[in-house]
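First residue of the sequence shown? That's 1 in the numbering used here, and the numbers climb one at a time after it.
No lab work stands behind these hints, which were simulated from the structure alone.
Keep in mind that the hints are not guaranteed to be accurate.
[What the hints assert, rightly or not] EDC-like, lysine to aspartate or glutamate: derived pairs with alpha carbons at most 20 Å apart:
id	residue 1	residue 2
1	Lys307	Asp245
2	Lys165	Glu36
3	Lys304	Asp206
4	Lys367	Glu227
5	Lys2	Asp206
6	Lys187	Glu199
7	Lys298	Asp206
8	Lys35	Glu261
9	Lys367	Asp245
10	Lys332	Glu261
11	Lys97	Asp43
12	Lys97	Glu36
13	Lys2	Glu199
14	Lys45	Asp266
15	Lys260	Asp198
16	Lys187	Glu200
17	Lys2	Glu200
18	Lys367	Asp191
19	Lys260	Asp41
20	Lys260	Asp333
21	Lys187	Asp198
22	Lys192	Asp206
23	Lys230	Asp266
24	Lys332	Asp266
25	Lys2	Asp198
26	Lys268	Asp333
27	Lys260	Glu36
[As the list claims (entries may be wrong)] Label-pair distances were calculated between CB atoms; the ranges are:
id	residue 1	residue 2	range
28	Asp191	Ile104	37 to 43 Å
29	Leu61	Leu328	31 to 37 Å
30	Arg201	Arg232	30 to 36 Å
31	Lys298	Ala188	29 to 35 Å
32	Arg201	Leu229	31 to 37 Å
33	Lys2	Gln327	45 to 51 Å
Glycine is no exception: its CB is placed at the ideal position from the N, C-alpha and C atoms.
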Amino acid sequence: VKGLRWWIIALIGLATVINYVDRSAINILWPYIYKEFGIADADNKSALALITTFFMIAYALGQTFTGKLMDAVGTRLGMTLSIIGWSISIALHAFAKSLLSFNIFRFMLGFSEAGNWPGATKSNAEWFPAKERGIAQGIFGAGASLGSVVSAPIIAALYLIFGWKMTFVLIALLGLIWIIPWLYINKATPDKHPWLTDEERAHILDKKEAVVVEEVKDEAPALTWKELLKIRNTWGIITGRFFIDPVWWLFVTWLPTFLKEQFMFDIKQIGAFTWVPYLFAAVGSLAGGYQASLQIRKGVAATKARKNAIAVGSVLMLTSLVAIVYQLDSLKDSPMLAMVLIGITLFGFQYLIGNIQTLPSDYFHGKNVGTVAGMGGT
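Let the sequences and hints guide you as you build the complete structure.
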């Protein structure tokens with residue numbers, strides 16, 4: 001099969017879309033369902049914050065665990081287990097009877113959804129040479145943005161037709177359906193896959209642009225978390241994610257509530273506006289990956305090319321965040337201006353984050369890529 005690696009990354013991008021549809025559902029539906037659980041208007045934000053906290057704690061723990069899992073069992077089985085777990089978890093939301101049960105199911109969802117990112121990063125390292133990893137990372141990174149783009153209209157439509165409980169059940173089916181082509185196409189790693197041409201196999205296994213630290217070359221065994229933490233590059237990845245990731249989570253979690261309370265939007269209007277910033281983000285993800293890949297093809301070292309893209313994205317993100325703060329009062333009368341400024345912020349975020357997420361596959365090989373990617377996500 002010609003271009004099999006692109007089919008693999010397309011499937012991972014689709015899994016990321018599903019991942020974000022599932023996780024975004026509660027944020028979109030919450031303003032319209034919290035009263036069913038006896039939660040007062042004054043307490044609805046704190047209740048959503050608590051649910052989000054349970055998700056984030058589990059997500060952090062899950063990144064570390066599933067990163068190690070991907071290195072141990074491989075991405076074919078690891079991604080399958082992850083998506084089965086989060087599909088079951090999101091379906092269980094339909095049976096929530098209280099804030100406590102929502103927190104439990106949200107914890108389960110966060111833990112299982114966390115596997116998507118170390119699994120994607122490890123797959124990228126397995127299926128792409130360094131010069132193509134930036135654009136490959138951009139493709140499945142765009143899946144997060146596209147998932148946020150389509151989730152608002154999809155969730156709003158399902159809610160209006162079927163109600164909130166059936167909405168959770170129906171979106172759970174998406175992940176289970178995804179498993180079928182994943183297992184069929186991703187039969188083995190590139191060195192053993194029966195569908196690969198010799199030319200593509202040689203191209204994939206070309207690692208001449210990679211910069212691998214001495215401790216973790218291909219032949220090295222899997223290192224423990226403690227051993228990996230002794231390596232400076234591990235801390236660089238962890239620190240970068242620690243300071244950057246909260247920007248994304250701020251908007252993913254609170255944008256629907258912001259639109260409802262700031263502009264008095266109903267669920268149809270939320271569906272009509274929420275997609276705008278995430279379309280910016282999807283373009284940013286692809287653009288950041290393209291910049292790094294283009295520079296690598298021109299002879300720039302892989303890690304330097306990624307750091308250049310990270311710098312560009314950081315400037316864009318910081319500039320637009322400052323503009324939002326200074327224009328906050330005037331934004332009350334202009335929802336579209338608010339969406340554009342938030343969109344530029346998320347464009348910058350995705351421009352840089354895909355390159356940070358690619359660094360584990362540049363610095364580490366073998367049974368350490370998924371582990372380091374998971375540690376960074378934690």
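Any hints this thing doesn't respect? Which numbers, in order? 9, 15, 23
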